[in-house]
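If you read the sequences in order, they're chains A and B. Numbering (our numbering) for the first sequence: 538 to 689. Numbering (our numbering) for the second sequence: 239 to 399.
It should be emphasised that the hints constitute simulated quantities derived from the structure, not laboratory data. As the structure is a computational prediction, the values presented were derived from the model and not from experiment. Idealized CB from N, CA, C, for every residue including glycine. Treat the hints with care, as some may be off.
Among chain B residues calculated to face chain A with C-beta under 7 Å, some are [unchecked claim]:
#1 Y304
#2 Q338
#3 E345
Think about it this way: if two alpha-carbon atoms lie no more than 20 Å apart in a straight line, the pair counts; the simulated EDC-like pairs of lysine to aspartate or glutamate are [claimed, not checked]:
#4 K649(A) with D553(A)
#5 K540(A) with E552(A)
#6 K300(B) with D542(A)
#7 K540(A) with D340(B)
#8 K300(B) with E545(A)
#9 K649(A) with D340(B)
#10 K332(B) with D542(A)
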Amino acid sequence: MLKIDFVEPARKYFEDFREGEELPTVTRGPMMVGHQVRWAGACDNYESEFHHDEYVAKAAGLPGILLSGPLMASYLLTAVTQWMGRESRLIRFFDQNRGSTLPRDMAYLHGKVKTMTRQGNEGIIELDCWITNQRDEITTPGSAVVALPLRG
Amino acid sequence: MQADVITDDVALDDTAVERQLKRMIGPVGDPVTMEVERGAVRRMALALDNHDPIHFDEAAAKARGYRGIVAPWPFLWSYFFNCTEYHHDFPFGKATVHGQDDYEFHEPMIVGDVITVATQITDATVKRGKSGRLGVVVSERRFTNQRGQLCAVLKTTLLRR
Numbered sequence: 538m539l540k541i542d543f544v545e546p547a548r549k550y551f552e553d554f555r556e557g558e559e560l561p562t563v564t565r566g567p568m569m570v571g572h573q574v575r576w577a578g579a580c581d582n583y584e585s586e587f588h589h590d591e592y593v594a595k596a597a598g599l600p601g602i603l604l605s606g607p608l609m610a611s612y613l614l615t616a617v618t619q620w621m622g623r624e625s626r627l628i629r630f631f632d633q634n635r636g637s638t639l640p641r642d643m644a645y646l647h648g649k650v651k652t653m654t655r656q657g658n659e660g661i662i663e664l665d666c667w668i669t670n671q672r673d674e675i676t677t678p679g680s681a682v683v684a685l686p687l688r689g
Numbered sequence: 239m240q241a242d243v244i245t246d247d248v249a250l251d252d253t254a255v256e257r258q259l260k261r262m263i264g265p266v267g268d269p270v271t272m273e274v275e276r277g278a279v280r281r282m283a284l285a286l287d288n289h290d291p292i293h294f295d296e297a298a299a300k301a302r303g304y305r306g307i308v309a310p311w312p313f314l315w316s317y318f319f320n321c322t323e324y325h326h327d328f329p330f331g332k333a334t335v336h337g338q339d340d341y342e343f344h345e346p347m348i349v350g351d352v353i354t355v356a357t358q359i360t361d362a363t364v365k366r367g368k369s370g371r372l373g374v375v376v377s378e379r380r381f382t383n384q385r386g387q388l389c390a391v392l393k394t395t396l397l398r399r
């Protein structure tokens, strides 16, 4: 099996963040049908033809192939775990499929620290996260709650 | 078919439709069990360009304090599609849209674990949207490992138009 170039998320502590902080935007895309195909493979789910066949999608009145909402949300969730670092523990995640993502669309993953509270020997960070496309439309608003160790 | 199943959603008011919809509340099928496979975890991590070694390498995962190779949380979707029923028999409307998801995370899912998923419909209401009647149905999937530990709860909201 080919070796994978591992990328371990950075080591972060609660004190490394501050309320209101904007997290570095992650750029994904252009999104392609191949991304959707890989997702379908990972889920072992090929049921919705409009997720991989443009003819079927347009016949159903859609503008084209739609990338799966849970796929886009999963990119956003992954970005949260990378922003918060290797010591973080994801507690909650929420996302809404507000707008469609079509092949050749861009996806910009944004995050902003909303609240920070200490609970016992760890810190809890609530953050807003969302995806915008190349037209600056929010396709996927979301939020997350993460636990982080204190620097001590 | 029951005698009072709604066949004409224009003739009946929202209250009657909601009453019909609420009959969906309750368990959906029996709980289903599936093992967390190493190759499946690898495929999911690669599909999301997640190259954190804890999803590929046992030594790396153990060095970070895990029992073994960790499934990235989006792996829940593999269970969603392989282990649970996600097409529901709505009593009205033409199209179902996947509206939103609310995830709650507990014990990590580790390669070799045997996860059981139980699905139930927890809420069903009728609203008035821009395009008319809108059914809002919430399904909940609870993921439990072979030790009886709760791993995750995924609440999916489907919109029926």
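Verification of the hints:
1. Against a cut-off of 7 Å between C-beta atoms, the interface hint on Y304(B) is violated, since the closest Cβ of chain A lies about 11 Å away.
2. With a least beta-carbon distance of about 4 Å to chain A, the hint placing Q338(B) at the interface is held under the 7 Å criterion.
3. Checking E345(B) against chain A: minimum C-beta separation of about 11 Å lies over 7 Å; hint violated.
4. With a C-alpha separation of about 14 Å, the suggested pairing of K649(A) with D553(A) holds against the 20 Å cut-off.
5. The hinted pair formed by K540(A) and E552(A) fails the criterion: a straight-line CA distance of about 35 Å is larger than 20 Å.
6. For the hint pairing K300(B) with D542(A), the CA-to-CA distance comes to about 19 Å; that is within 20 Å, so the pair holds.
7. The hinted pair formed by K540(A) and D340(B) fails the criterion: a straight-line CA distance of about 34 Å is larger than 20 Å.
8. Between K300(B) and E545(A), the direct Cα distance comes to roughly 14 Å. Compliance with the 20 Å bound is thereby established for this hinted pair.
9. Taken as a hint, the K649(A) and D340(B) pair is honoured in the structure, with Cα atoms around 19 Å apart against an allowance of 20 Å.
10. Restraint check for K332(B) and D542(A): the C-alpha separation of about 46 Å exceeds 20 Å, so the hint is violated.
Hint violations for this structure: numbers 1, 3, 5, 7 and 10, all remaining hints satisfied.
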